[in-house]
Each structure stands twice: as C-alpha cells, then as structure tokens.
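J.: Spelled out from the first residue to the last, the chains are:
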Amino acid sequence: MPSPIIRVEHVSKTFISKERKKGEKKKKKAVDALKDVSLDIYDGEFFGLLGPNGAGKTTLIKCLTTLLIPGSGNMWVNGFDVLKEEDKVRASIGCMLMGDRGLYWKLTGRENLNYFGALYHVPKPVRTKRVDELVQLLELSDFVDRTVETFSSGQKMILAFAKSLINDAPILVLDEPTVTMDVPTARKLRSIVHDLHRQGKTIVYTTHLMHEAEELCQRVGIIDRGEIIAVGSPAELKASMRREDAVDIEGIFPANVVEDLRALAGVHSVMVKAEDAGRSKLSILCENSRVMLPRIIEKTIGNGATIEYIKPQEVTLEDVFLAKTGRTLGIDTRQVFGGEAKPSGGGG
Amino acid sequence: MVSRGIGLSVPGFRADLDVLATVLIARLKIISRYRGFLVMEALLPIIFAAFPLLLGTAIGGPNAGANFLRNTGQASVPDVTSYYRLYMLLGACTFTVVTLMMWLIGYWVRREQETGTLESMYLAPAKRFYVLAGVTTYAFLRSMLIFFIALTLGSLAFGVNPLSGNILLALGFMAAGFLPLWGIGFLFGAFILKIKEANSIVQMMQWVVAFLMGIYYPVTFFPPLMQYAAASFPPTMMNDGVRSSVLGVGYLFGSGWWVPFALLIGFSLVLPLLGYQFFLDTERRLKRKEGVGQY
Amino acid sequence: MWGVRQQVSTFYEMSKKTIVEFSRYPIAFGALFVQIFLIIFMFLFAAIAFAPPPDDPNGAGVGSRVAGVMIYGFVINMFLSFTLWEIGFSVREEQARGTLESLYLTPASKFASLLSRIFAILIFTSVFCVLGVLLVHYMVGGIGFQNVGLALLSLLFTISGLLGIGLLFAGISIKLKESAQFLVSGAQFFFMIFSAQFFPFSALRSLHPAIVDYVSAWLPVSYSVDLFRSLLIGLPPGYPELAGGNVATEFLIVILFGIFSPILGYIVYKYVERKARKDGNLGEF
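Residue numbers (numbering that gives the first Met the number 0), protein chains in the order written: chain A, 0 to 347; chain U, 0 to 294; chain R, 0 to 284.
Isolated chain A (complex conformation) (with noise of 0.2 Å):
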C-alpha cells in the first residue's frame, strides 16, 4: 500500500453568517462547513471527492491548498504542514477551483501562463518551454496569444486548467472543473486527467457528478453536510450495499436453463416473461451482478441459449449516497419528479 500523499486529521470549519428576516432583528448564524474530517489520500491515486452542492467540498479543498485556515486539525500535503509550511505545499500543489475566474483580463493567455508561472517559482527558460508545451497539449494555440477578455468561457476555463498545470506539480487538486464546460471540452479535459495519472501525479477531483466519480477514480470518498460519510474504491462502495442487481436477458432460452439458473449460487430468482417468435425474457435477481454476469452467460449458453440482449441494472453511487443520507446527489433530479426523492438502478 503506498503512503499517503495528503493527511487529513479531525479537521472542522464553521462559518459565521449573518441572518436576515423580514420584520427580524440580524442574527448570527453558525454553518459547520467541515465536521470532524479525516482522510488519507495516497501517492500516485485519483481519488475523487464526491457530494452535493454546500456539502463541504470546496472548503476541504480550500483548507488543503492553504486558501483557508481551518478552526482545528491538521493536514499535511506531500510532507508538509500545510499550517506551517505553506509555500512548500503551494509548490507541490496545481490547483483549478470552481468556476476559476483567476485570470487577467487584458493579459493575453500566453502573458498569464507566464506570470503564473512566475508565481510558481519556475524559472524563465523552463516556463517558456512549459508554456509552449501546455499550449500544444490542450490546443491553445488557436487563442491563447489573445487577450483573455476575448476568450468564450469554455476557453477561459481551458487556460484556468493549463495555469493549474504550469509547475508540473506531484498533486494536481480540480475542483469541479467540468462544471461549465460543454460535453466535447470537459470530455478532453477528463481524457488528459487520467493521462496525467497514468504519468504518477495524484489527483484530487472534486465533483457532484455520480458518473464522473465512477469513471475516473480509484477511491472516492463521499462528503455530506461537512462529513466524510464514506471513503472507498467505486466498486468497494457499491459492494457494501448488500444490495441485488437485476439483470435482463432476452433470448431464445431452452426449458432447463430457468432451472439451471436458479439453481446457481449467488442467483436469488429467476422469472420468465415469453415475447413473441419464441423468444424470452429473463429477469434475474442476484448478488453483485458484476460478478454474477460472467456465470451467468457460461450457464445459459453452456445450455444452448442464444442470448440477443443483456441489460445489468448496478448499484450506483447514487444509490450509495441515497441509502447513506436519505438524499440524491442531485437536487435538481428531486425538483424535477418533485416530493421524496426516487432511489434509482438496482430491483429494490
């Protein structure tokens, strides 16, 4: 197991605000941002920090790359407390926070990946190499020696990325950063994350998307409400949800496969619902059905069964975070179908 990267110990962050209500005196109110949280993130991972909006994130994330002081605990970022130690653990950190607006207008893009560079302690020479080669590796070139304000947004945030990548930092630290993005742009910028974690860099990827989560991280640890409510692999995840799978096969089946297959260990029920030129539609109940699926097609093809169709229903992440708070990930889908919210995948 390598060693940790980031060390997270017992940190907690209230903010005081101020309340405001109509025929009411202000009054003083106290939002605990982050509870208690602990955390290790390891040398060389992609761990993902997933919640809902206002669940803490962004503070976590602040507190790490010494943007805010956090009311107690410790942390420690690449060997260095980040209390004591701030520079250094700047300098080992890239960082693009949501909805970065953190460039210079009436600087070009070139002008601000040097002077962040600057910033950065890289030397001249380097940084104008660096420059050149984020400029290649994000296709910058189109732009990035106009001015910024003449940027669309889905460039600013391109230009935001290539600044977080200016000192080639060991821990690279994105919070959100698809959030504004169109499809094409946020799917190169995921594309070029996992290529900089296949070259050794750790990543710490904020987001409150379930499929961003599962499709890039190797451990992902779910914030709510200021506390990490669970901490482990995608799969880890779903897996401690004792939950079934459902999986759907249609096909031609002949008359010994049901039995077969209910006689399977893991393969909790089996029904049968006939379609029409002789074929069937089979809805299997069982455990894991990541597991169970590969077994399941040996069993009905070792029978004869010509399978036309397979639909798995898994356990989401979403689905984790529902049985863990009683609450979706995503507001907006409660909104939408109004009232509780409705638990997705899986037969329950």
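Just so you know, these hints were derived from the structure itself, not from any lab. Since we're looking at a predicted model, the values are computed, not measured. In this text, a Cβ means the ideal position worked out from N, Cα and C, and glycines have one as well. Careful: at least some of the hints might be erroneous.
Just so you have them, the derived chain R footprint on chain U, three or more residues with Cβ under 8 Å [to be verified]: (1) 33 to 39; (2) 50 to 59; (3) 63 to 70; (4) 199 to 207.
Based on the hints, put chains U and R in the right spot on chain A.
T.: Structure of chains U and R alone, referenced to chain A:
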C-alpha cells in the same frame, strides 16, 4: 507520509526577484491596454488645479496674486501670478501621486478579489512580500510618470516654470515621502479588506487626504489643533516640501527644510513596517474567517 | 398589456430596491456625506486664500457673492454627477456584474428601471444640497436666498434635462463598455469647467472670451447653472452672465432643455439598446 518534489518550482532569491519583475511587467502591460486611461489621469491634476485658479480669478480679479500672497503669509516673490498658479499645480500634482499610491497599493487586494485573481495568486508559493514589492514598484513608476506628464502639460497650460526653484530638494522630498506612502497604503489596504463598501471609503479618503494636505491652501488656515494634525501627516509634509522647494518659500513649522524632511525620514522607518504588519494580520484573520477569495 | 397600476407598482418596487440597497451600505452613505462637505470646505478655503483685504472697497460682498455662485453651481454639479453615475454608468455596472441580461429577461420597463434609480437618489441628493448650502451660508456670513420659487422651477426643468443626459450616457455605456467609465468621468469634468459650476463665467471669460462664447454658451447645462444661481443670489449686476443677461431667455432655454433632453436621451438609449440586442452583446462584459 511520502514527499515527492515540488515540480518545476525552484525557490530562492532569484525566483523572488523574478516574481517582483513579473508582477511589475504584467501590471504595466495591463495599464497600457486601457485606452486613454493614462491620458485622463495626467489631465486630472490640471483640471483640479484649474478650479481654484478660476475661482481665485473671480474673487480677486487682477489682484488675485497679491491677495493670495498676503493671505498665505508670504512676504514677496519674484512673480506673483506664477507663484499662485504653480502653487495650485504642484499641490494638485502631488495630490495625484499620493492618491495613486494609496489607491494602487491600498485597493490592490480588493481589486484582485473583484476580478477573481486573488485566489490564484494565493495558491502560488510566491512570497507575499515580493508580490507586494512588484505592486508598489508599479505604483511608484505610474504615479511618477503621471506627475511629470501632468506637471509638464500644466506648466505649459498655465504658463509657469516649475524648474525655477530647488528641484533637487523637491525631488528629495518626493523620494522621502514614498516610503511613508507605502505604509499608509498598506494600512489603508488592511482597512479596506475589513469593510464591504470599499469604493466609497476610498473616494472619501481621497478627499480627506486632499483636505489635510492643503492642496489649494496652506494648512495654517486650519484651527490650531487641526493644523498640527495636518502638518504631521506625511503627505502634507511631502506636498509642502515639494512646493516650498520649487517656489522658494518657507516650510512647515516655520523651520528650515530639514525639520519636515527629518520627520518624513522618521515616518519612512516606521510606517511601512507598521502598515505591512497590519496588512498581514488582516490577511491572516480573513483566511481564518472566510478565505481570501471571498468578495 | 400590464395596466397602469401594475406599472406603478413595479416602479415603486424598483425604487424601493434602490433605497434598500443604499440603506444596507450605511458607511457608503456616510462617506458620501463627508466627501461632499470636504469638497465644499476645500473650495471655501481656496476662496479665502484669494479674498481681498477687509478694507478693500472693491472687495465688499465679492466673497459672499462668489461663495453663493460656487455653492449653487455645486448643487447643479451634484445632480449632474448623480445622474451621470447612477443612470449613465449604472447600466455599465449591471453589464459588468451580469445582472443586465437578467433585467432584460423580465417584462418590466427598462426605462422605469433607470428612472427608479434617480427617484431614490434625488431624495438623498436634495438633502445633501440643502445641508451644503446651509454650511456655506453659515461659513461666509450669508449668501443669497432670493427668488426661491423661480429657482426651484428652473431646477425642476434642469433635473429633467440632466435625466436626458443620463439616458444618453446609459446608451453610450452599453456600447462603449469599459471605456464608458472614462467617458462619464470626462463628461463630468467637462461640464464642471465649461459650465462654470464652481466659479463665475467671468473667470472663464478672463482666460479667453471665446471659451464662453463658443463652448459654454452652447451647453444647455451652462444656462441651468447660470439661471439657478443668479436667481438665488438676487440677480446682482452682471448676473445672469449668459444670454445677454436676459432671465427670460435663459428660462426659455432651460425649459426647452428640460423637455427635449429626456426625449432625445431616451431615443438614443432605445436605439443603442435595440442594436445591442440585435448584435447579441447586451450582456457582454
């Protein structure tokens, strides 16, 4: 815990100087891309000087100069008309230097907050001191440029010769006044970080400074207690020193040039350190409360 | 489509919003108060610096007359400044903040939105002006308070005319974007000097008569300034300084300014706004 290098970063004194230079050059580039801004800035002192001159002409008519000389407690000067015109022009130009320094240094953090670049800057390992040094150097260069352009154009417009007096001493007063201005700028910046309505406070402070500096009149016009307070204000000493050196008249406190000059040097030693410390304390408090990027 | 009642209600809500916004910035309000008084003091001290000796027979009453000219001109300056910045530049501020497009998504009248700003600001400006006048009156031992009714009537038309200038600049701000700030500042200083807001026109004339004859005399704001203060200081010899000293002529110019300026300003504003919506850069920063 594992520790892996710090990427391409090479900290050290050379890198620190590189930060200073890069910050300075970036700001010079930015201001050069605002069309007409510097022109407007250079014209402002001339406009500010024109107001009291026109008012004075309306009140004093052909005796405006003589009235001014008498009311400001001066015995005689070679050219009365040049005297009061240069008086106003120098006051307005020095005031522009003071407010530019206060604005560019004091409002710097707030401006970076507004544009969203403050967080990006705070994420970087660059030492705050060198970033501030870049900003203050830029403020110094810009205000001096505006001062000389405005003085040149104003001298041509008003038909006066600013080179008639002790120019070296005038520049000496200017130089002695800069460090206290930096300190005042930092104190100002620390104050601005704490309040929401920064814009209005800055505008008000500009006029407080203009009033206390006596850009249109000597501070001897104030009631006694206020006189001493105004006279002890570094920008007032700077303004009076520059003006008196060029015009060849008496200095503050009824003394020779060395008294206000020595006081300015004294302020130079204390104010920048005090201001910087206040600024760092405020910054740290902000990081505890809500984070530096909040605007 | 929306009745008068609804429109009035919307206008009321918009005005209330401006006042509420102001009330949540008490420091800003206080700072403005202090700023205005400091400016007045500075000009007073400058005036004292040029005052003739007490025994000068030609100097009798000059000081208080010029102080009156200065402060009443300052009143017009206050209304002009607020109009330029609160209407003219506020559109640009909304554009920069990103709220302009949100405003345009609503069916509320954009004109009413602009007007609601000045309705609230007028109240504050008037209070500041009255206090400023009283301060100078006390400091110099008396300035004129004659022909108050006529002066207020001319002020009413002046404010209407200044509103038109504000609308004109609001339109220009949408188009010019960043450069709008310089234009508005430039306009403010231009009027300060060439409409002689802080000194009599005789001071400009002493520099060169052509400045008054070919620049000041072509600015309607100059007549507003000249008429308002000449009436209040009691029309001493030499006042009003423009239009050959004819009060009726100046009144006519001010009335026409008050009627046609808002119409022209509104036309320009609507034209630029429409063009921006057509070109798709209404929300562009």
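J.: Each hint should be assessed against the structure and marked as holding or not.
T.: Verification of the hints:
Figure legend: the segment 33 to 39 of chain U, annotated as covered by chain R; annotation consistent (5 residues with Cβ-Cβ distances under 8 Å, at least 3 required). Counting residues of the segment 50 to 59 of chain U whose beta carbon lies closer than 8 Å to any beta carbon of chain R gives 9, which meets the minimum of three for the stated coverage. With 5 residues having a Cβ less than 8 Å from any Cβ of chain R, the segment 63 to 70 of chain U passes the three-residue criterion, so the hint holds. Evaluation of the coverage hint for the segment 199 to 207 of chain U: fulfilled, as 6 residues show C-beta separations to chain R shorter than 8 Å, against a requirement of three.
The earlier numbered hints are all upheld by this structure, with none contradicted.
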